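Generate coordinates for the entire structure from the input sequences, incorporating the hints supplied.
Residues per chain are reported as follows:
2 protein chains.
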Amino acid sequence: MKKNTKVNAAILIIGNEILSGRTQDTNTSTLATWLNSNGVKVEEVRVIPDDEKTIIDTLNVLRKSRNYVFTTGGIGPTHDDITAVSVSKAFGLKYEIHKEAFKILESYYKSGEFNEGRQKMAWMPQNANLILNPTSGAPGFNIKNVFCLPGVPSIMKSMLGGLKHKIVGGNPILSHTISLRTVESEIAASLTEVQDKNKDVEIGSYPFFHAGKLGVSIVLRSEAQSKIDSCNSEILKFVNEKKIEIVDR
Amino acid sequence: MKKNTKVNAAILIIGNEILSGRTQDTNTSTLATWLNSNGVKVEEVRVIPDDEKTIIDTLNVLRKSRNYVFTTGGIGPTHDDITAVSVSKAFGLKYEIHKEAFKILESYYKSGEFNEGRQKMAWMPQNANLILNPTSGAPGFNIKNVFCLPGVPSIMKSMLGGLKHKIVGGNPILSHTISLRTVESEIAASLTEVQDKNKDVEIGSYPFFHAGKLGVSIVLRSEAQSKIDSCNSEILKFVNEKKIEIVDR
Chain A
724 MKKNTKVNAA
734 ILIIGNEILS
744 GRTQDTNTST
754 LATWLNSNGV
764 KVEEVRVIPD
774 DEKTIIDTLN
784 VLRKSRNYVF
794 TTGGIGPTHD
804 DITAVSVSKA
814 FGLKYEIHKE
824 AFKILESYYK
834 SGEFNEGRQK
844 MAWMPQNANL
854 ILNPTSGAPG
864 FNIKNVFCLP
874 GVPSIMKSML
884 GGLKHKIVGG
894 NPILSHTISL
904 RTVESEIAAS
914 LTEVQDKNKD
924 VEIGSYPFFH
934 AGKLGVSIVL
944 RSEAQSKIDS
954 CNSEILKFVN
964 EKKIEIVDR
Chain B
724 MKKNTKVNAA
734 ILIIGNEILS
744 GRTQDTNTST
754 LATWLNSNGV
764 KVEEVRVIPD
774 DEKTIIDTLN
784 VLRKSRNYVF
794 TTGGIGPTHD
804 DITAVSVSKA
814 FGLKYEIHKE
824 AFKILESYYK
834 SGEFNEGRQK
844 MAWMPQNANL
854 ILNPTSGAPG
864 FNIKNVFCLP
874 GVPSIMKSML
884 GGLKHKIVGG
894 NPILSHTISL
904 RTVESEIAAS
914 LTEVQDKNKD
924 VEIGSYPFFH
934 AGKLGVSIVL
944 RSEAQSKIDS
954 CNSEILKFVN
964 EKKIEIVDR
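Order-wise, the sequence lines are chains A and B. Residue numbering for the first sequence is 724 to 972, as defined by the numbering used here. Residue numbering for the second sequence is 724 to 972, as defined by the numbering used here.
Keep in mind that the hints were calculated from the coordinates and are not lab data. Incorrect hints may appear among the rest.
Since the list can't tell identical chains apart, any single copy or any two copies may satisfy a pair.
Unchecked claim - As a list, the in silico DSSO-like pairs of lysine-lysine whose alpha-carbon atoms are at most 27 angstroms apart: (1) Lys936 <-> Lys880; (2) Lys965 <-> Lys950; (3) Lys867 <-> Lys826; (4) Lys776 <-> Lys787; (5) Lys776 <-> Lys920; (6) Lys812 <-> Lys822; (7) Lys922 <-> Lys812; (8) Lys920 <-> Lys729; (9) Lys812 <-> Lys889; (10) Lys776 <-> Lys950; (11) Lys920 <-> Lys966; (12) Lys922 <-> Lys776; (13) Lys833 <-> Lys965; (14) Lys920 <-> Lys950; (15) Lys833 <-> Lys936.
Note that the structure is a prediction, hence the values are computed from the model and not measured.
Right under this line is the structure:
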């Protein structure tokens, strides 16, 4: 089996609206699911305000410590959209009109509607690679290992398809879930034994409350299906012995 | 008017299940909303894996740079619940059985059901202050400026009421939202003018798509109602001039 190159990423969510609690972030889970399916493990997420110095400092830490950084938010037309200028400064690149982005935006809007606010969305770090936007015209951009996407979840999601060939991942991380009608403390000792014998499998235990009943989902994650399978057998063994019901979820 | 002491906080979400994309985090928005209403501004959120060294290192950065740190996740009975031992190490404190927590758990469970897994939830940093749990018995804990809460959203939320008197916030951050039937680029220039004249008010612009129609919510945030009001008037002025419809959202 090919060794997983352990390709990792950080997600950087930029936006006061998340920090104030006003907006529920969903981009993290969309991006994390997509990255995992492409063999990229998300090691860290940070949510930071629309503040230039904070964006520059955080981005410079993350881009040097992770294989990839994905940012969301702050690339629209209004005064609080400062991601592109901040990324330019983080890389020491000129912040200028991207000719191709300008053309895309110019042809997207009706004649006379390509106003100053909309033109702002063509300003990017020098020589940025565009990330095309099939939903609303305005492209995202990529500089080296940093990919900048918009904050609106539906638009962000629609741009991931065009990114797949730009990401080189390791083996996809496989997962298997076993949901049980039990509580965590009933299985904690047995699960610890299984984890101790299977260091290469990440075993997570997550209580749930569904349709009025308590349960626990055990999630097995590994690059190797065979390791997940053998771990699964060991878990089913103690589940059987303890007469715990397995449930669909 | 009392000067806001600019009390700030970081939220630290601990859990592989968020980073894998399997679980949608909602604790950030619950905590952020609650903290804001208590005059505490959330400056940063980090999501990190269930990894001891990462928890220790991250917590030590955050607790020294913010007034408060709130963690969620990793305080249950299973092998992947390592927040309490990691927090102990971060503070250089013994990790030991907390007598009061032990008693609470002992009386919560039926005789004979207080097994090893459940007893694990009484292990905490030495001299931790308990955070009572009205939902499921097992308490959270507080050491200095760090508050450790469980990851299950309904349980976490139920514990906030008991925390209010432990938090000393500044003036609550007030907010006002104006929702418009427009697109961001139509109002970007006018909004920039208003922001430039009102540096003390944080003005956010958030596009939305609701009931099949596009719109923009403008969110004004400040400690001073009077500043929000005057900012609001300036916005309504250009909204009126541009004949933009105001909508409920």
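Right, here's what the structure says about each hint:
no. : hint              : in the structure
1   : Lys936 <-> Lys880 : between (33 angstroms within a copy, 19 angstroms between copies)
2   : Lys965 <-> Lys950 : within (23 angstroms within a copy, 63 angstroms between copies)
3   : Lys867 <-> Lys826 : within (23 angstroms within a copy, 56 angstroms between copies)
4   : Lys776 <-> Lys787 : both (17 angstroms within a copy, 19 angstroms between copies)
5   : Lys776 <-> Lys920 : between (46 angstroms within a copy, 22 angstroms between copies)
6   : Lys812 <-> Lys822 : within (20 angstroms within a copy, 53 angstroms between copies)
7   : Lys922 <-> Lys812 : between (42 angstroms within a copy, 23 angstroms between copies)
8   : Lys920 <-> Lys729 : within (22 angstroms within a copy, 49 angstroms between copies)
9   : Lys812 <-> Lys889 : within (23 angstroms within a copy, 41 angstroms between copies)
10  : Lys776 <-> Lys950 : between (45 angstroms within a copy, 25 angstroms between copies)
11  : Lys920 <-> Lys966 : within (22 angstroms within a copy, 69 angstroms between copies)
12  : Lys922 <-> Lys776 : between (41 angstroms within a copy, 17 angstroms between copies)
13  : Lys833 <-> Lys965 : between (67 angstroms within a copy, 19 angstroms between copies)
14  : Lys920 <-> Lys950 : within (11 angstroms within a copy, 61 angstroms between copies)
15  : Lys833 <-> Lys936 : between (55 angstroms within a copy, 19 angstroms between copies)
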